[in-house]
Amino acid sequence: MATVNATGPVLAARHLQLGFGGEVVLDDVSLEVRPQEFVAVVGASGVGKSTLLRALAGLLPPLQGQVSLSPPSEPSSRSWSMVFQAPRLYPWRRVLANVELGLEGLPLSRPERHQRAREQLALVGLEDLGGRWPRTLSGGQQQRVGIARALAVKPQVLFMDEPFSALDAITRRRLQGELSQLRQRTEAAIIFVTHDIEEAALLADRVMVLGKPETRQPARVTTTVPIDLALAKRQNRAGFTDLVQTLERHIGSETAGTQQEPQS
Amino acid sequence: MKNLPRSKRTLASACGLTGLVLLWELSLRAGLLPGNLVPLPSSIPAEFLAELRDGIWLEVVLASLSHYSIGVLIGSVLGISVGVSAALMPGFDAAQSWLARLLRPIPPLAWIPFAIIWFGVTETAAAFIISIGVFWINYFTSYSAVRAIEPSYYEVATVFGQGRFVDRLQKVSLPAAAPGILGGLRAGLGQGWMTVVAAELFGIPGIGQRMMEASGLLATDIVVVYMLTIAALYALFDYLFIMVQRRVLRWQQ
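Heads up: the sequence lines are chains A and B, in that order.
Each position in the first sequence, counted from 1, maps to that position plus 13 in my numbering.
Each position in the second sequence, counted from 1, maps to that position plus 4 in my numbering.
Since the hints were derived computationally from the structure, they do not count as laboratory data.
Quick reminder that beta carbons are idealized off the backbone N, C-alpha and C, glycines included.
Watch out, some of these pointers could steer you wrong.
[To be verified] Output of the computed footprint for chain B on chain A, the stretches with three or more beta carbons under 8 Å from beta carbons of chain B:
#1 111 to 123
#2 128 to 135
[Unchecked claim] Which residues of chain A face chain B? A few of them, derived with a C-beta cut under 7 Å, are:
#3 Arg101
#4 Pro104
#5 Trp105
#6 Trp146
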């Protein structure tokens with residue numbers, strides 16, 4: 014994987030073609046992400062959103078094209094990290110030790126590691142739960158620990174793979190709000206995969222829509238919609254509803270296999 | 005089946021045990037059982053004290069404990085090492101697969117002729133036989149425990165920079181498989197006691213040898229003293245092990 018310089022985008026993908034076992038799932042995906050930008054990737058189930066995320070993270074080699082990712086900002090950080098759909102904490106580690114996982118092997122002393130992990134737990138509002146076992150936490154708390162674990166490595170890019178879709182509606186709303194707040198306090202650019210259009214429009218600076226031009230063809234980028242509304246104004250605003258409807262139309266038309274709207 | 009309350013359960017268990025002992029004692033006293041073949045339960049405590057006073061009890065128990073400990077230790081360490089390695093390394097797994105299938109059905113006691121040819125009638129021979137049974141239990145439980153680990157745990161390790169073999173082993177495989185591995189260790193502790201006596205019947209000093217001597221003299225009460233000794237030692241080791249296991253697996257409770 015090539016690297017990009019510090020002033021340019023933190024992530025650049027060019028003409029990616031992805032698939033497994035001879036079958037192409039996604040074709041011709043290009044994407045550039047600026048520092049601290051929040052990009053949401055939406056699309057119907059099975060369109061290859063998670064596959065794209067894994068390829069961008071370098072976990073899945075592309076069939077064609079290339080991905081370049083910014084190197085770590087400092088020796089005691091990692092270039093990227095990930096939040097999964099399920100919290101995927103290690104049940105045999107206490108909460109604090111789970112947050113420390115990605116820090117192990119970085120040039121940090123043990124007290125520095127504890128300190129950094131505690132800061133991250135405080136950031137997600139769980140500073141008092143570091144000594145608990147994961148199974149004693151609620152689903153929402155576990156997912157917050159997952160977010161703290163990912164932020165602890167001070168990534169340039171944070172990948173989030175439908176992080177709230179397994180939560181109940183109330184917890185999901187709360188965590189969405191918290192993520193909006195958290196954004197202001199982290200250096201990371203965020204690439205957020207979701208099938209929830211409202212969630213994408215609520216959180217992101219830009220929404221990339223994936224869809225299949227024809228049922229049997231690989232999915233492509235249908236359109237990319239910038240979200241210009243200020244974060245605070247997105248809820249309860251007529252403009253927001255329009256945006257969501259525009260996005261819904263894009264997804265709807267693409268999965269139905271009809272003519273594509275001209276891209277802006 | 006409905007569960008009894010705890011107190012009633014304990015009472016029923018105690019009744020079952022004392023009832024049988026009482027029945028046994030009374031049948032002997034009534035002449036329903038031949039006294040030269042079956043010992044009188046009430047004579048056993050005195051016999052135990054006599055063995056203890058002569059220093060025989062401690063001597064044979066220590067001798068057996070020594071084979072047992074060495075055999076269980078070697079069998080467990082090798083069993084877990086080979087089991088975990090086979091589960092993690094496909095090449096090694098394939099290489100040992102047929103060998104394991106061939107050797108596994110052979111009972112530990114079938115190795116006695118070789119144990120004696122190789123090591124003579126020695127403590128080493130007893131430890132060797134004990135270690136074989138313990139090896140297989142630990143090998144199979146740790147192999148399947150490691151194979152059953154969710155792949156997603158390994159993906160998390162890779163994402164967070166812990167993808168090297170040593171890190172994966174130490175931070176995922178071993179802790180995730182610990183419940184299974186400890187279950188195997190515990191079963192091995194029990195299996196060890198089963199083979200320890202059999203291994204000693206061939207003249208290696210220890211509990212088994214003392215039992216053979218006693219049975220030659222028809223001293224059935226001494227035989228029963230050592231049967232109960234084994235039961236007590238097993239219970240003690242199992243209890244201690246459970247204490248350790250609780251501590252290691254406290255994340256589960």
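Status of the hints after comparison with the structure:
Only residues whose beta carbon comes within less than 8 Å of a beta carbon in chain B count, and the segment 111 to 123 of chain A has 5; three or more means the coverage holds. Restraint check on the segment 128 to 135 of chain A versus chain B: 0 residues with Cβ-Cβ distances below 8 Å, three needed, restraint violated. Look at A:Arg101: its Cβ gets to within about 5 Å of chain B, closer than 7 Å, so that hint holds up. Because the beta carbon of A:Pro104 sits about 6 Å from the nearest beta carbon in chain B, less than 7 Å, this interface hint is met.
With a least beta-carbon distance of about 4 Å to chain B, the hint placing A:Trp105 at the interface is held under the 7 Å criterion. Residue-level restraint check for A:Trp146 holds (minimum Cβ-Cβ distance to chain B is 5 Å; threshold 7 Å).
Violated hint for the displayed structure: number 2, the only one.
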